[in-house]
Amino acid sequence: MKIVIGSDLKGFKLKELIKMHLVQLGYEVKDLTPLKGNNYYDATLKVAEYIQANKEDKGIMIDEYGVGPFMIANKLKGIICANLFDEHSARMTRSHNNTNMVTIGSGIVGDRLAEKIVETFAAANYDGGRHQIRVDMLNKMC
Amino acid sequence: MKIVIGSDLKGFKLKELIKMHLVQLGYEVKDLTPLKGNNYYDATLKVAEYIQANKEDKGIMIDEYGVGPFMIANKLKGIICANLFDEHSARMTRSHNNTNMVTIGSGIVGDRLAEKIVETFAAANYDGGRHQIRVDMLNKMC
Amino acid sequence: MRVSIGCDHIVTEVKNHLVKYLENKGHEVVDNGTFDKKRTHYPIYGKKTAEKVTLGEADLGVVICGTGVGISISANKVKGARAALVGDIETARYAKENLNANIIAMGGRIVGVGLMENIMDVFLETEYNKTPEKEEIIKKIDILGGNEEQSNNENFFDEFMEKWDRGEYHD
Amino acid sequence: MRVSIGCDHIVTEVKNHLVKYLENKGHEVVDNGTFDKKRTHYPIYGKKTAEKVTLGEADLGVVICGTGVGISISANKVKGARAALVGDIETARYAKENLNANIIAMGGRIVGVGLMENIMDVFLETEYNKTPEKEEIIKKIDILGGNEEQSNNENFFDEFMEKWDRGEYHD
Chain A
1 MKIVIGSDLK GFKLKELIKM HLVQLGYEVK DLTPLKGNNY YDATLKVAEY IQANKEDKGI
61 MIDEYGVGPF MIANKLKGII CANLFDEHSA RMTRSHNNTN MVTIGSGIVG DRLAEKIVET
121 FAAANYDGGR HQIRVDMLNK MC
Chain B
1001 MKIVIGSDLK GFKLKELIKM HLVQLGYEVK DLTPLKGNNY YDATLKVAEY IQANKEDKGI
1061 MIDEYGVGPF MIANKLKGII CANLFDEHSA RMTRSHNNTN MVTIGSGIVG DRLAEKIVET
1121 FAAANYDGGR HQIRVDMLNK MC
Chain C
2001 MRVSIGCDHI VTEVKNHLVK YLENKGHEVV DNGTFDKKRT HYPIYGKKTA EKVTLGEADL
2061 GVVICGTGVG ISISANKVKG ARAALVGDIE TARYAKENLN ANIIAMGGRI VGVGLMENIM
2121 DVFLETEYNK TPEKEEIIKK IDILGGNEEQ SNNENFFDEF MEKWDRGEYH D
Chain D
3001 MRVSIGCDHI VTEVKNHLVK YLENKGHEVV DNGTFDKKRT HYPIYGKKTA EKVTLGEADL
3061 GVVICGTGVG ISISANKVKG ARAALVGDIE TARYAKENLN ANIIAMGGRI VGVGLMENIM
3121 DVFLETEYNK TPEKEEIIKK IDILGGNEEQ SNNENFFDEF MEKWDRGEYH D
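Residue numbers (our numbering), protein chains in the order written: chain A, 1 to 142; chain B, 1001 to 1142; chain C, 2001 to 2171; chain D, 3001 to 3171.
The hints are simulated quantities; they were obtained by calculation from the structure and are not laboratory data. Check before you lean on any hint, since a few could be wrong.
[As the list claims (entries may be wrong)] Straight-line alpha carbon distances no greater than 20 angstroms define the calculated EDC-like cross-link-like pairs of lysine to aspartate or glutamate that follow:
(1) K140(A) x D2165(C)
(2) K1140(B) x E3133(D)
(3) K3139(D) x D1111(B)
(4) K1013(B) x D111(A)
(5) K1140(B) x E3162(D)
(6) K1140(B) x D3165(D)
(7) K2037(C) x D2165(C)
(8) K1046(B) x E3168(D)
(9) K13(A) x D1042(B)
(10) K1010(B) x E3133(D)
(11) K140(A) x E2149(C)
(12) K2020(C) x E3013(D)
(13) K140(A) x E2154(C)
(14) K140(A) x E2148(C)
(15) K3130(D) x E3148(D)
(16) K1140(B) x D3142(D)
(17) K2134(C) x D42(A)
(18) K1010(B) x D42(A)
(19) K1140(B) x D3059(D)
(20) K1140(B) x E3168(D)
(21) K77(A) x E2149(C)
[Claimed, not checked] Partial list, derived from the structure: chain D residues whose beta carbon lies under 10 angstroms from chain B:
(22) P3043
(23) S3074
(24) G3146
For glycine and all other residues, C-beta sits at the position ideal for the given N, C-alpha and C.
Go ahead and model the full structure; you've got the sequences and the hints to work with.
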């Protein structure tokens, strides 16, 4: 499992922090927007399309509010993306929804909390079982 | 009504942003820790003691978690201090608790959210009435 | 306003509380269920609630489940839906003002009811602040995905319900 | 663990939920009330809950009111109490690890019950990570304030209750 990450300009600084945090924890992290100046629409599509093609990986997208990337990513087939602002949801959504991508708003979530959220999401596993019917439903939608 | 603000080193950047935001909104803001390098214990006492002496003013203290300053400030007579991370509490706590000081953790709350929280707290007014019995109780405590 | 609302069985009582809150504020509420605590599946209610909005039967939508994630994703996968999953007021304000979000989603086990009420108030009150740039990005979101077969199709999930009834999904 | 818990009348049902949750996890809970929805005053329950902790009758305390603010302040004004008002897990972890916080406070109308449960779990599990620097700052917090007269004094607020009963506090 690899973690791919992207951001727009406003999310760039938090993206760098998160990347460092995940690398320190031993994860393989691939930065899809290593240079500044991406807009969140294109950056989100980069991360989401990567996840569509690499189903074992997890995606992270950072902009100022997390809202635009959430709307964009979840329009794509097979993408199950959560806008996160708390650790409890970070674990629950992977274990129940089989979430394969998350967005975080750097203007809403502070650096320490954001690090804990991605750390929790990265470590969490999908429970399967009864939850699979809902995931099947989501994946039949767009 | 004046707003006095302080921070430790980790809260310095957010303190500067908040100061700018409040000044732009037309508030008179007094920075009690204009230079970097304060620790949160001393900075909190500066803000809290200023509020003890100037009861019409409101205080704001920024460090990484808001927790230490909350513990310190609320040990002082007449200080009613909230650690804030949401706008709804920012309004409710002024109107119900007559809160005269707030702490914010820069590692927990993002910049845009922090601006909205202080903006809401700065604009809010105490309701008085039945709430005064609780405020009297708090103020009889240490 | 006419508000379409939906939830799963984890947070039915929270949804009922919000329905009452909205009605007391003078809004007309279309309650898409679920109506009890019997185990069900959030995509059914996310899709139903969002389609009321995209098909013009309601002005805005509110969806909640435990974390808000599952139901918000299913709502957002409806053509024309732009759902915002939030835990704070400012994100709700931003979503309406900039992306003309038409569905607000919250976690009934994550956000307290007082904050939820305030988030809904701000989401309903905030006006979309239209500019050519915002129109452009909204258009680029709306052309993504979409699926003619699923639209307003009550039988879209039937294959999975049958599999469920056969006991093929188990822990 | 032995957990002291208290709330005001705005969130009694949330407190009752947390009591059950803690008991199911094997903790012994000292419930300081309030026990119904009759209007009362948060400092009474904040003080009572915190004193159980500072006087050694409980290991840790949990206090909730609408926003968590009022009751957490009254708890923190008890000599030896170090209360943390939180809306997220990481702040609870930090407070225990670094400041050996002995009371956790949350807003029952701000934080959802699922997140509250998780915050309590982490607060109870996290160990204080003792260092000379942390001991120093804790000592500097503990010497502040304090009030011999208020300690374990059930009649400390009587003057205000009498004034309340005379109808002198009104909206």
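Against the structure, the hints come out as follows:
1. K140(A) x D2165(C): Roughly 19 angstroms separates the two Cα atoms, so the pair holds.
2. K1140(B) x E3133(D): 32 angstroms, violated
3. K3139(D) x D1111(B): Answer violated: K3139(D) to D1111(B) is near 32 angstroms, above 20 angstroms.
4. K1013(B) x D111(A): Satisfied, since the Cα-Cα distance of roughly 13 angstroms is no more than 20 angstroms.
5. K1140(B) x E3162(D): Holds, at roughly 15 angstroms.
6. K1140(B) x D3165(D): 18 angstroms, holds
7. K2037(C) x D2165(C): 18 angstroms, holds
8. K1046(B) x E3168(D): 35 angstroms, violated
9. K13(A) x D1042(B): 30 angstroms, violated
10. K1010(B) x E3133(D): 17 angstroms, holds
11. K140(A) x E2149(C): 10 angstroms, holds
12. K2020(C) x E3013(D): The hint holds at about 18 angstroms.
13. K140(A) x E2154(C): Cα-Cα ~14 angstroms, so holds.
14. K140(A) x E2148(C): 12 angstroms, holds
15. K3130(D) x E3148(D): 28 angstroms, violated
16. K1140(B) x D3142(D): 18 angstroms, holds
17. K2134(C) x D42(A): The given pair, whose Cα atoms are some 15 angstroms apart, holds under the 20 angstroms limit.
18. K1010(B) x D42(A): Violated, at roughly 33 angstroms.
19. K1140(B) x D3059(D): Judged against 20 angstroms, a Cα distance of about 26 angstroms means the pair is violated.
20. K1140(B) x E3168(D): 18 angstroms, holds
21. K77(A) x E2149(C): Between K77(A) and E2149(C) the Cα gap is close to 14 angstroms, so the pair holds against 20 angstroms.
22. P3043: Holds, because the Cβ-Cβ distance from P3043(D) to chain B comes to roughly 4 angstroms (cut-off 10 angstroms).
23. S3074: 6 angstroms, holds
24. G3146: For G3146(D), the interface hint holds, since the closest Cβ of chain B sits about 6 angstroms away, which is under 10 angstroms.
Going down the numbered hints, you'll see the structure goes against 2, 3, 8, 9, 15, 18, 19, while the others check out.
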